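So the chains spell out like this:
Protein chains: 2
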Amino acid sequence: MAIVQCVPNFSEGRDLEKIEKIVNPLRGKEGVKLLNYEADKNYNRLVVTVIGEPQKVKEAVFESIGIATKLIDLNNHKGQHSRFGATDVCPFIPIKDMDMNDAIKLAKELGEEVANKYKIPVFLYEQAASKPGRENLATVRKGEYEGLEEKLKDTNWSPDFGEAKKHSTAGAIAIGARRPLIAYNINLDTENIEIASKIAKTIRHSSGGYRYIKAGPVEVPERKITQVTMNLTDYTKTSMYRAFEAVKMEAKRYGVNVTGSEVVGLCPMEALVDVASYYLGLEDFSLDKVLETSLME
Amino acid sequence: MAIVQCVPNFSEGRDLEKIEKIVNPLRGKEGVKLLNYEADKNYNRLVVTVIGEPQKVKEAVFESIGIATKLIDLNNHKGQHSRFGATDVCPFIPIKDMDMNDAIKLAKELGEEVANKYKIPVFLYEQAASKPGRENLATVRKGEYEGLEEKLKDTNWSPDFGEAKKHSTAGAIAIGARRPLIAYNINLDTENIEIASKIAKTIRHSSGGYRYIKAGPVEVPERKITQVTMNLTDYTKTSMYRAFEAVKMEAKRYGVNVTGSEVVGLCPMEALVDVASYYLGLEDFSLDKVLETSLME
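These protein sequences, in sequence, are chains V and A.
Residue 296 is where the first sequence ends in numbering that gives the first Met the number 0, and the numbering goes up by one at each step.
Residue 296 is where the second sequence ends in numbering that gives the first Met the number 0, and the numbering goes up by one at each step.
One should not assume that every hint holds.
Identical copies carry no separate label here, and so any pair may be met within one copy or between two of them.
Claimed, not checked - Below 25 Å or equal to it, Euclidean Cα-Cα: the simulated DSS-like pairs (lysine-lysine) are: (1) Lys247 x Lys288; (2) Lys55 x Lys288; (3) Lys28 x Lys164; (4) Lys55 x Lys107; (5) Lys28 x Lys288; (6) Lys95 x Lys288; (7) Lys77 x Lys197; (8) Lys130 x Lys141; (9) Lys288 x Lys213; (10) Lys236 x Lys288.
I should point out that these hints are in silico values taken from the structure, not numbers from a laboratory.
Here the structure is a predicted model, which is why all the values come from computation and not from measurement.
Generate coordinates for the entire structure from the input sequences, incorporating the hints supplied.
Okay, here's the thing in structure tokens:
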């Protein structure tokens, strides 16, 4: 059975009553499971993680978007996180028995339905992007809600679904498909943030490192350590063990040790199977040989 | 939702028609999944792996035992594998949201039902054993079908359920509860079986090694290597990485390298999580942080 993950972000991080109403359609439905939702007051943003059968997840998220469209007015919205829509972004992530193309298809279906029913202009982004310049969410969202009217006058920014006209309260929405991220931090036994920073630079894509690593330095003063904090944006191409061993290797240069690591949030089983396979030199091992995989079919 | 695995072994490895009839009750039932069945002609034995909701698995296996009782006559049974029953052994293995006590309870329920309905004497073994001397299956089965009548005269060997009287065609049955086994082989870049044998001895319980490792040497002439072949009988106490590193450490003594390893059959996710956690030094990591775990609840 195919399983998709969906992580809609809504522009409401303060009003708990509204937040509950937005999340409500994702509860108690067969084939849909609300994994987590976190509201951030400073960001004034709600991040929801839901998982389940693709069509059922899509339908439930479609309902939530409808409620967010009614409850959120971006004309009165202030927060530290950039946003251009009441439902700001909505990525689909293929988890099981489906591939990226299936997730892209789902994003397009949802996009069309959202444009038709809620009259919100929809931009497809990341793997679902219709043009190269639309892959990067930051580019798509540039100008934010306040600049949206102007942006939509540019024919380069005509939406993928819906008219080139911002919704008067809900703005626009970016719907897309992407791989699961792994948020992964590696601990260094130094308080020197410069060292963490230098190591982060060597491993991240933006400064010459691995293609699917985003990385930066973080201080953890209460533990008297620093961390290299990472997003592994495609763990099938840049594995956790590779990030770990690369940081270890670079740390040696500074006489610093890697003392451990941590996963923030959830981590796909496949990524851990890959780690175990690497260190044990496992032959012919794959997810199929994991007992639990057979429980999920 | 609780998930149990059950691995009944039947004393029929040759007659495909009978095999299909025995396996049939394990197919197409809600909450029960037939993972695998393998018949061995030399052993004249059928090993079935089924998984699912505890009560439903128990009921389905109960049906299979009934069919095996009708179809198999141990008076005419010959094979290389020792056996004392038509359904020879039937272990329950707790997989998810249940513990060993739940598996023991299930074993006892099945034992009582089998004794009542099919009039077969039942011995509880391994974790479900009622006395210390009955933990070891080999001890319980000693004397095999041919010696069963004599064995049952000994009050030390009165069955846990049913009368002290062998079933005239189906003998007896051992029902138990145990941890999942991991069948794990480690490759050595030597053809010298003596080296594999010496290493196996250092790591296995029976000759002074780890408590939950059974190990021996195997030749793999087609690859010009040998293997240390193992059963990890409790991977929560003796992890795969520990077996792997121990073999690597011992191999050094002989100038031999560990070139890889393999899992035969299925491997529980928890065992792989433990391996990944060890090598990456993961903090606060557990099955709960595996995305797929949330799919199974």
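Cα distance capped at 25 Å. Does Lys95 pair with Lys288 within a copy, between copies, both, or neither? both (15 Å within a copy, 17 Å between copies)
For Lys236 and Lys288, with the copy left unspecified, which applies at a CA distance of at most 25 Å: within, between, both, or neither? Result: close both inside a copy and across copies, 21 Å intra and 21 Å inter.
When no copy is specified for Lys55 and Lys288, does a C-alpha distance of 25 Å or less occur within a copy, between copies, both, or neither? between (28 Å within a copy, 24 Å between copies)
Give the relationship of Lys247 and Lys288 under a CA distance limit of 25 Å: within one copy only, between copies only, both, or neither. between (30 Å within a copy, 24 Å between copies)
If the cut is 25 Å between Cα atoms, do Lys77 and Lys197 qualify within a copy, between copies, both or neither? Answer is neither: 34 Å inside a copy and 70 Å across each miss the 25 Å cutoff.
At most 25 Å between alpha carbons: which applies to Lys288 and Lys213, within, between, both or neither? For Lys288 and Lys213, only the inter-copy Cα distance (21 Å) is at most 25 Å; the intra-copy one is 31 Å.
Within, between, both or neither, where Lys28 and Lys164 count as close if Cα-Cα is 25 Å or less: neither (33 Å within a copy, 54 Å between copies)
With identical chains treated as interchangeable, where does the CA-CA distance between Lys130 and Lys141 reach 25 Å or less: within a copy, between copies, both, or neither? within (16 Å within a copy, 72 Å between copies)
Intra- versus inter-copy proximity for Lys107 and Lys55 (alpha-carbon distance at most 25 Å): Within. Shortest intra-copy distance 15 Å satisfies the 25 Å Cα cut-off; inter-copy 41 Å does not.
Evaluate Lys28 and Lys288 at a C-alpha cut-off of 25 Å and name the case that applies: within, between, both or neither. Only across copies: Lys28 and Lys288 sit 23 Å apart there, 31 Å inside one copy, limit 25 Å.
Of the numbered hints listed earlier, those contradicted by the structure are 3 and 7.
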